[in-house]
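Engineer: Read off the chains here:
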Amino acid sequence: METELTKSTFSCKLGILSRPDGSAILSKDNTTVIAGIYGPIEVKLQKLLIDKASVECHYRPKSGLPGIEDRMHESIIRNTCEASLVASLHPRTAVLVAIQELQNSGQLISCAVNAVCLACLHAGIDMKFMFGAVTCFSNGVEMSLNPPAQTHIKAVFVFVFDSTEKRVIASHTKGIFTKEQFEEAVELCRSGSDQVFDYYKKVLTN
Amino acid sequence: MSDGYKTLHPVKYYREFLSQGIRPDGREFNTFRPILLNVGSINTADGSAIAKVGNTTVVCGIKAELCKPKPDAPDCGFVVPNLELPPLCSAKFRPGPPSDQAQVLTQLIAEIITNSNCIDLRDLCIVRDKLAWCLFVDFVCLDFDGAVVDAAVVSLLGALKTVKLPLVEYDPALESTQVFLEEKKPIKLHSMPVSTTFAVFEDKIILKDPTLEEETLCSGVFTIVLKDDELCCVHKPGGSPLAPEELVKCIDESKLRTPLISSLIATTLKS
Amino acid sequence: MSVRKTLISNCEKKFLIKNLSEWTRLDGRAFDEFREIQISFGKDWGSCHVSLGKTSVLAQVSCEIQQPKTSRPSEGVLNLNIELNPLAAPHFDTGRQSDVGVQLNRLLEKCLKDSKALDLESLCIKMNEKVWSIRVDLNVLNYEGNILDCASIAALSALAHFKRPDVTSDGEEFVIHSIEQRDPIPLVLHHYPVCVTYAVFNGGEFILADPSLVEEEVSDAFLSVGLNAYKELCGLHLGGKAELSTDLILSTTTKAANRAVLVVREIKEAIEKDAEKRLKSKECFNMEHLFNDLAAMNLEKYIDPWAGDGKRKKKKSKEKKQEEVTTKMDVEEVVQVANIENLGEGTAALIPINEKDGSKIWEISDEDDDDVDDEIVVVEVPKPVVDLRDVATDSEEEAVIILNADKKTNKKKKYKTKK
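Chains as they are written, first to last, in our numbering: chain G, 480 to 685; chain F, 653 to 923; chain R, 226 to 644.
Isolated chain G (complex conformation):
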């Protein structure tokens, strides 16, 4: 049973790209993602919404063309942004969120979601709340926020929380688990999200 934590590091830099209005590179345990935000910008006619800004999300894997799994990542990130951004401030416009994977050593979704939030903060776009994603692994007995080294992984949970009330914005699961394990995972990730939000603060105040 694994109780000892592997060393995990976040590193982040805001504004690494000059073109986007906000950009961030975020790296955790050798998973690295760049996110950029443009917005509000001109909207394509078929995506125009008369009462709010439409959120466009583009995710690029580092090699090959984006597959249906990447489309699912896009939909999670797009819907999370839609919930968080005050879209009604900019009707008939678009907010473009672009994500590029640089390195993948697991926990890609949570890294991408966190990078997008940091890019939003850097862009200074109006948000109702910040959002932070945490991944959690279960081997059927124990839960851990770090990928267990050897033990067999039975389920993986990814939760996105809002910063105000720590409610679940998005959830994505893999594997089989019981209701009790689900509750435990939510609770563990919820406490883990505090640390993500603390990290955001640290990045912004530096």
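In short, the hints are calculated from the structure, not lab data.
Worth double-checking, as some hints may not be accurate.
Stated by the list, open to error - Stretches of chain F that chain R covers, calculated by requiring three or more beta carbons in the stretch to come under 8 Å of a beta carbon on chain R:
no.	stretch
1	844-853
2	910-916
To be verified - To give an idea of the interface, some chain R residues facing chain G are shown, with a C-beta separation under 10 Å as derived from the structure:
no.	residue
3	Lys239
4	Lys243
5	Gly267
6	His274
7	Ser281
8	Gln285
9	Asp318
10	Thr319
11	Ser323
12	Asn367
A quick note: this is a predicted structure, and the numbers were derived from the prediction, not measured.
Glycine residues also receive a C-beta, built at the ideal position from the N, C-alpha and C atoms.
For this one, chain G is given, so just place chains F and R on it according to the hints.
Structural biologist: Frame of chain G; chains F and R shown alone:
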């Protein structure tokens, strides 16, 4: 009169209904729509079913083909799901390559199949490293009225239950295969995943089994998939935030539905 | 709100050209001065990030085994694919490749593929059957002019850095050895060609090396030269509207050749450095120049779920929550029961019933409307049963009728009148 009001102020229209604890189609918040299942609907397919959840209609057809297993998984066959949202099912969709929504739904169903482990890919292998079955599971949505995943999963189970694969013999010396069409065997279903979709209206009210109208007006939709007493998917792709307790409550609610769907499928197959 | 594609105004154009006539560029560079190149490698083999000034491109090389082309049975395949990511500029679109994308792709192919820089024969595993196919994916991350040079450097560095897994044959079967099992094998490069781009103004009056975004937009034409470290030409492209004299092209190409030598030297140095670093430690490759002025923050204490008090808190709150849930469930007492109707011929229906008031809410009955009407005053209530009637009309009308046998006759009449 009410039609005009509904068109002009759809959200207000819903809000007034929901404040009275009822939905415009007469259901309560946690009532689901009737489900209709018909199996063996397509003769040319190896397995098929039509499922209706209210108006939402999904046809599932399974075609089995012989293929060679991948070198990194020599004892596994394949299951390739694909969900189509043709312009026929809703005015929202245009002809052409699959929309983002269709791709996301396809991926969700693929994840449900792998997570629930309802088909063991090893059962589909005929000769290690040489020959295996590839099941092409195609879904076509005929009417798009919310909770498509629920309908798709019910039709998937119905179709899988009717699949019969012919006996295949492989001669390693000649590298030839012989198919006996007369001797057919069903495949083993290891579990029965049951999916339930919920929608969140204005951050507060949770509606079970939403219609398309409800899905579009609501600020978030999520799907819970159960396999007997265990969960195999809690998919909430964003939308308005929800307290974890609410999610757990919804899990309990969807648990009530599992035995019903199982007996529905059993009844369908008996007749 | 800003438009997706920024257009350059006439006054900006005039200003830029006037500056050129006074021998200055907007960013203060000399006419033949290039921006700084930075090359860094990622954790995986063949993953490389190159920035040229603020323009940046990510390259990733991948490989797979496939059948060779029938015309070249003993040669591997090299594919180059440049993607104009919307991250780089908002007018870049995903999906179909734009004209600019196609042109860039072809120019890169001319420089790297058609110049036979990569030894394709060394990629052959078995004649006519199995060869390696090498794919280079180039993602433009930031567009500040001169994508071509940046992408060609990125592609070349990634190819030089990439190592493919070893393959052995035991007579019949081929075994691919993972990187852990056997040392991977680098690709064989005959020479190192790179693109060097110049922007041409006023029919050759001014020629600027490594144009920036604004300069690219204003220029009349661009001259792109593919060259290797031996100063051999492997690609020449003059696009746009300019009547350049042959002398001018020759002199520019000579200048470009000197530049190419420098660039190739830089690529080789970067690869050597990376190899040294990998020997020293096998840990942490984070495209370090992106982070250069930021010491990685150690977050150990931030991500510590097992920290003493955190765990205790967690348990307590969980207990509380469970209580809450159970009580809630008690209060509501909405028990869902449903009828399952066997309709014969492989069909069955699951119809929910609301137990609270005992009514079958999915009955088709117009009388039901009345009691709902009482509750809602503001709006006229549509029939609560619309959905089901549609279900029923689709050939399975019996599905519903069975539910309330007493109204059976009634119903059937209705359908008839409808039809």
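Engineer: Under 10 Å is the threshold here; is the Cβ of Ser323(R) close enough to any Cβ of chain G for the hint to stand?
Structural biologist: 14 Å, violated
Engineer: Identify whether the interface hint at His274(R) stands, where standing means a beta carbon of chain G within less than 10 Å of its own.
Structural biologist: 7 Å, holds
Engineer: So, as I understand it, the hint says Lys243(R) touches chain G; can you test that by seeing if any CB pair is closer than 10 Å?
Structural biologist: 25 Å, violated
Engineer: Given Ser281(R) as an interface hint, is the shortest Cβ-Cβ distance to chain G below 10 Å?
Structural biologist: Ser281(R) check passes; min Cβ-Cβ to chain G is 7 Å, inside 10 Å.
Engineer: Do three or more residues from the stretch 844-853 of chain F put their C-beta atoms closer than 8 Å to C-beta atoms of chain R?
Structural biologist: Not satisfied, violated; 0 residues make the cut.
Engineer: Cut-off 8 Å, C-beta pairs, minimum 3 residues; does the coverage of the stretch 910-916 of chain F by chain R stand?
Structural biologist: Per the Cβ count (4), the hint holds.
Engineer: Would the hint on Thr319(R) be counted as holding, given a Cβ-Cβ threshold of 10 Å to chain G?
Structural biologist: With a minimum Cβ separation of about 5 Å from chain G (threshold 10 Å), the hint on Thr319(R) holds.
Engineer: Identify whether the interface hint at Asn367(R) stands, where standing means a beta carbon of chain G within less than 10 Å of its own.
Structural biologist: 4 Å, holds
Engineer: For the restraint on Gly267(R), tell me whether the closest CB of chain G is nearer than 10 Å.
Structural biologist: 5 Å, holds
Engineer: Less than 10 Å between beta-carbons is the criterion; does Gln285(R) satisfy it with respect to chain G?
Structural biologist: 4 Å, holds
Engineer: Is the interface hint satisfied for Asp318(R)? The criterion is a beta-carbon contact with chain G at less than 10 Å.
Structural biologist: 9 Å, holds
Engineer: Measuring from the C-beta of Lys239(R) to each C-beta in chain G, is the shortest one below 10 Å?
Structural biologist: Not OK, violated: Lys239(R) not within 10 Å of chain G, min 25 Å.
Taken one by one, the earlier hints fail for this structure at numbers 1, 3, 4, 11, listed in ascending order.
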